[in-house]
Amino acid sequence: MQPKKITQSTLVGELGVNLIARITMEMGFAWHSRGTVDAGIDGEIELRDNKTGEAFNSVIGVQSKATDRPLANETDFGFDFYCDPRDIDYWTKGNLPVLLIVSRPFKGEAYWVSVKDYFANPLRRSDRKIHFDKKRDRFDVKCRESVFELAMPKSAGVYLSPPNKTERLISNLLPVTQLADTIYVGHTDFVRPAEVWQRGRATGQIGSEWVFRNKAITSFHDLPSLAWTGICEQGSVDEFGTDEWAFTDDADRLRDFVELLSRTLRAKLAVDLDYSAPLDMFYFRASSDLSERQVAYQSLLSATDRTVFKAYAAEDGTVKYYRHSAFEHRFRRFDNRWFLQVSPTYYFTSDGYHLRPNHGVFLKRIKEFEGHEAVRGQLIMWAALLSRRADMFADPYPFMGFGTPLEFQVEQGIDDAKWKMRRELADAVAEEIDDDSELLQMQFRFEES
Amino acid sequence: MNIQIMDEPELEFAGGGRHIDMRFGLNHFGPLDIEVPRMRSIPIGIVGTNESIEGLRLWLDRCRGEIAAKQSPYANFYVPFPGFRPDAGLRSTLLIESRTQVVVSAKEVSRLTAAPSNDAVSDLVELFLDGVRHVVGKARLGVVLCAPPVAVLEAVQRTPTLAQSFTYDFHDLLKARAMQIGVPIQLIWPYTYDSSKKRKQKRRPDRVRGQQDEATRAWNLHSALYYKAGGILWRMTRDASQLMSCCVGVSFYKSLDGEKIFTSMAQVFNERGDGLIVRGNQATISKDDRQPHLDSQGAKDLLKTALATYKLEHRTMPARIVIHKTSSYSSDEFSGFRAAANDHGIDSVDFLSLGDSYMRLFREGSHPPLRGTFLNLDEKTHILYTKGSVDFFGMSPGLYVPLPLLVRCESMEQTPLFLAQEVLGLTKMNWNNTQFDGRDPITVRGARQVGAILKYVAVGEKIEPGYGHYM
Numbered sequence: 001m002q003p004k005k006i007t008q009s010t011l012v013g014e015l016g017v018n019l020i021a022r023i024t025m026e027m028g029f030a031w032h033s034r035g036t037v038d039a040g041i042d043g044e045i046e047l048r049d050n051k052t053g054e055a056f057n058s059v060i061g062v063q064s065k066a067t068d069r070p071l072a073n074e075t076d077f078g079f080d081f082y083c084d085p086r087d088i089d090y091w092t093k094g095n096l097p098v099l100l101i102v103s104r105p106f107k108g109e110a111y112w113v114s115v116k117d118y119f120a121n122p123l124r125r126s127d128r129k130i131h132f133d134k135k136r137d138r139f140d141v142k143c144r145e146s147v148f149e150l151a152m153p154k155s156a157g158v159y160l161s162p163p164n165k166t167e168r169l170i171s172n173l174l175p176v177t178q179l180a181d182t183i184y185v186g187h188t189d190f191v192r193p194a195e196v197w198q199r200g201r202a203t204g205q206i207g208s209e210w211v212f213r214n215k216a217i218t219s220f221h222d223l224p225s226l227a228w229t230g231i232c233e234q235g236s237v238d239e240f241g242t243d244e245w246a247f248t249d250d251a252d253r254l255r256d257f258v259e260l261l262s263r264t265l266r267a268k269l270a271v272d273l274d275y276s277a278p279l280d281m282f283y284f285r286a287s288s289d290l291s292e293r294q295v296a297y298q299s300l301l302s303a304t305d306r307t308v309f310k311a312y313a314a315e316d317g318t319v320k321y322y323r324h325s326a327f328e329h330r331f332r333r334f335d336n337r338w339f340l341q342v343s344p345t346y347y348f349t350s351d352g353y354h355l356r357p358n359h360g361v362f363l364k365r366i367k368e369f370e371g372h373e374a375v376r377g378q379l380i381m382w383a384a385l386l387s388r389r390a391d392m393f394a395d396p397y398p399f400m401g402f403g404t405p406l407e408f409q410v411e412q413g414i415d416d417a418k419w420k421m422r423r424e425l426a427d428a429v430a431e432e433i434d435d436d437s438e439l440l441q442m443q444f445r446f447e448e449s
Numbered sequence: 001m002n003i004q005i006m007d008e009p010e011l012e013f014a015g016g017g018r019h020i021d022m023r024f025g026l027n028h029f030g031p032l033d034i035e036v037p038r039m040r041s042i043p044i045g046i047v048g049t050n051e052s053i054e055g056l057r058l059w060l061d062r063c064r065g066e067i068a069a070k071q072s073p074y075a076n077f078y079v080p081f082p083g084f085r086p087d088a089g090l091r092s093t094l095l096i097e098s099r100t101q102v103v104v105s106a107k108e109v110s111r112l113t114a115a116p117s118n119d120a121v122s123d124l125v126e127l128f129l130d131g132v133r134h135v136v137g138k139a140r141l142g143v144v145l146c147a148p149p150v151a152v153l154e155a156v157q158r159t160p161t162l163a164q165s166f167t168y169d170f171h172d173l174l175k176a177r178a179m180q181i182g183v184p185i186q187l188i189w190p191y192t193y194d195s196s197k198k199r200k201q202k203r204r205p206d207r208v209r210g211q212q213d214e215a216t217r218a219w220n221l222h223s224a225l226y227y228k229a230g231g232i233l234w235r236m237t238r239d240a241s242q243l244m245s246c247c248v249g250v251s252f253y254k255s256l257d258g259e260k261i262f263t264s265m266a267q268v269f270n271e272r273g274d275g276l277i278v279r280g281n282q283a284t285i286s287k288d289d290r291q292p293h294l295d296s297q298g299a300k301d302l303l304k305t306a307l308a309t310y311k312l313e314h315r316t317m318p319a320r321i322v323i324h325k326t327s328s329y330s331s332d333e334f335s336g337f338r339a340a341a342n343d344h345g346i347d348s349v350d351f352l353s354l355g356d357s358y359m360r361l362f363r364e365g366s367h368p369p370l371r372g373t374f375l376n377l378d379e380k381t382h383i384l385y386t387k388g389s390v391d392f393f394g395m396s397p398g399l400y401v402p403l404p405l406l407v408r409c410e411s412m413e414q415t416p417l418f419l420a421q422e423v424l425g426l427t428k429m430n431w432n433n434t435q436f437d438g439r440d441p442i443t444v445r446g447a448r449q450v451g452a453i454l455k456y457v458a459v460g461e462k463i464e465p466g467y468g469h470y471m
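Protein chains in written order, with the numbering used here: chain W, 1 to 449; chain G, 1 to 471.
Incorrect hints may appear among the rest.
[As the list claims (entries may be wrong)] Using 25 Å as the maximum straight-line C-alpha spacing, the simulated DSS-like pairs for lysine-lysine come out as follows:
id, chain 1, residue 1, chain 2, residue 2
1, W, Lys-418, G, Lys-70
2, G, Lys-70, W, Lys-420
3, W, Lys-116, W, Lys-134
4, W, Lys-418, W, Lys-51
5, W, Lys-5, W, Lys-51
6, W, Lys-51, W, Lys-93
7, W, Lys-367, W, Lys-420
8, W, Lys-165, W, Lys-142
9, G, Lys-287, W, Lys-215
Keep in mind that the hints were calculated from the coordinates and are not lab data.
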């Protein structure tokens, strides 16, 4: 007498269904097995919002085909699967959307296709063959939205919570990681900053890291030093710990401190960048021969470079304007820490030096089409350059240094690949409609009259 | 520092039905006041030239039936308009009679549009208001539609070159003057009902602005009409355990006659989103922060009047007040607002200032952060993305690089998260727009809109308390 057996293929089949059930539940949907009474559909996926738990009474049928062997015409990229015509007939005639999921449970791989959509094309139907692309058709938790859309009527307006996925958000706040330890305040007899400059030029380098207010100089510079002789009364100079100013609640002192930071930033960047006071913008200086200027820096992933100064020609070949990469800044204090807020922008000149008339119009236009990715790219460049310790922006600068931008993690995000696909589809539809739009408008006018 | 993504707030429709999106909510459940018989048919008047009246009438008739959505894979963004009729969507219909249509002379219009100036804008407004007065005398109307022809649109668009020569805004002046008549006005430009008449850009008249699809235009127009006629479309959902709140928006505007006079204004809202308008005292520019501020008495009077208006409408006082101001608070303003609240025994007051934040966040993908992204920078300072990627739409409508709101909780009883959720909810209380991702909460948006109109209304002149007269 033959002993009772459970075949390998039965096990593989059961493992295939288990794999689908697991992935379905990872998506946050419910899995209902049809058990032994089935004619070509092993189970159903019921849609559900995994955040609120709300079930939608929307169901998709699933046929599992599991194997532990190679698949027809299999390569690293794809394979073919041949369907029984009776199966195709059964799947396509009912009221349920049906997924065919081909899996290799021992490897944890599963691939899916919506059979009603696939066999809507009569040629494919007569061919009985489904070609699977291993990348595109992989059935895993990322397919959640596509599965959802398959089952939900478009007019329902039913929505899922955004998928739980960890995303990294980069901010435009660079921590101020290094500042001079001491602030000096000294009395001066001069009444205007211009006089201080004039005197400073005569005595040597006094830098620009100082604020003049009410006949007092506040600076990171060592005011008792030689360069400041004749500007400050040496006996009047007081020393303060920088923290006393940085974390003060006194509005006047705070205002002076922020101004000192801004002036210090200007001094730090003066090697490569110019500052426009009217526009309150730092921008890359023109190259000496007005040729294109590029800078190299380390981006998030790799070393890269970017054009930061370039001439743009008008139709007649003359230079229309020069575009300089630029940024606006603010120093901000949060939670007893100081940050440099960097907002990438552009500076347009007529000749590399003078602000282009209609600068605002050019700026507005570029901002209208420049996307999130482009601005992020510029931010990363500025952050890389500003947080670099030496070289480009001179030797290690003694008074001010920055860290890398603050980053945050969120637990919800979007599926960029899916959104991109939809965008492309929308563009394709728009193009198609464009061809028809004249016709539509004519029709509309006809109805009106 | 702490970051989170808030859920899209739900809105409540008829029969307690809830949805995050107005259009789906209205389709599934109907407007909140579905049981009010008066709202099932809205009598309207129309004032325009023969041509514009005809164009508008044809389109309004077309909107009685379904208008298909724009063909697009964004099914949740482009929603078909179900028709303005008793059995779908807003469950209401427009009552249009020929006797409630008044024709303004096309000849007179072309005379006044020949040379645009402040006086010409003013005369054009009067020309249409004469029509409004006439039509209002004939019947009891919910709304009067003013339909100026293209010639008016072209004449009153202010371009940079003409900016010096005239400053009057046709829309704002029309609303301001119509207030003396007492019926809400819906201004409707030709591009709304005729796709071929696309609106030109103010700055670049050679470029045509991108136009909304027809179904969306129908949604927006009919929602606005329904609200102006006194209907309630939806409300913010409120937990029964929460205090009955009144949200006040405070904004400042320059008066017409000079750059130095500022006047403040407030707007009161409850969770239904009913807007009530209050005009405040004169403000002064502070030397410290160069922002306009009220003095203590001015702030007190403003909130007192706001609360009195609230009581008149709701027959009760709110248990909580939240003030959304578009600039920072001076100590005088704090003490004035507090004094008014104390006088009425209201001890829960939240003071927020809302503005543009240039502190931004960037996702790694090609889309900006999700709407609802909320970052605490410190106890007081927060940023809130009200524009951005919207999961429900599967896209990020609006600007490519959205500008988040800077939310400063200057003094608070509630938590910052609660206050930000409230702000996010209030961005959806805009009856001119059925796309839910509004940038500004209605408190701020309404306050600004009202300021733009009130500058044409002399101090002491009658102002309408209903927000429908300002939108």
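Restraint status (C-alpha distance of Lys-165 of chain W to Lys-142 of chain W at most 25 Å): 10 Å, holds
Below or equal to 25 Å on CA atoms is what counts here, so check Lys-5 of chain W against Lys-51 of chain W. 43 Å, violated
Restraint check for Lys-418 of chain W with Lys-51 of chain W, where alpha carbons must lie at most 25 Å apart: 21 Å, holds
Going straight from one Cα to the other, do Lys-287 of chain G and Lys-215 of chain W come out at no more than 25 Å? 21 Å, holds
Given the hinted pair Lys-70 of chain G and Lys-420 of chain W, is their alpha-carbon gap at most 25 Å? 19 Å, holds
Is it true that the CA of Lys-418 of chain W sits at most 25 Å from the CA of Lys-70 of chain G? 21 Å, holds
Between Lys-51 of chain W and Lys-93 of chain W, does the CA-CA distance stay at or below 25 Å? 34 Å, violated
Given hint Lys-420 of chain W paired with Lys-367 of chain W - CA-CA distance at most 25 Å: OK: Lys-367 of chain W and Lys-420 of chain W at ~21 Å, within 25 Å.
Starting from Lys-116 of chain W, check that the Cα of Lys-134 of chain W is at most 25 Å away, please. Roughly 20 Å separates the two Cα atoms, so the pair holds.
Checked against the numbered hints above, the structure violates hints 5, 6; every other hint is satisfied.
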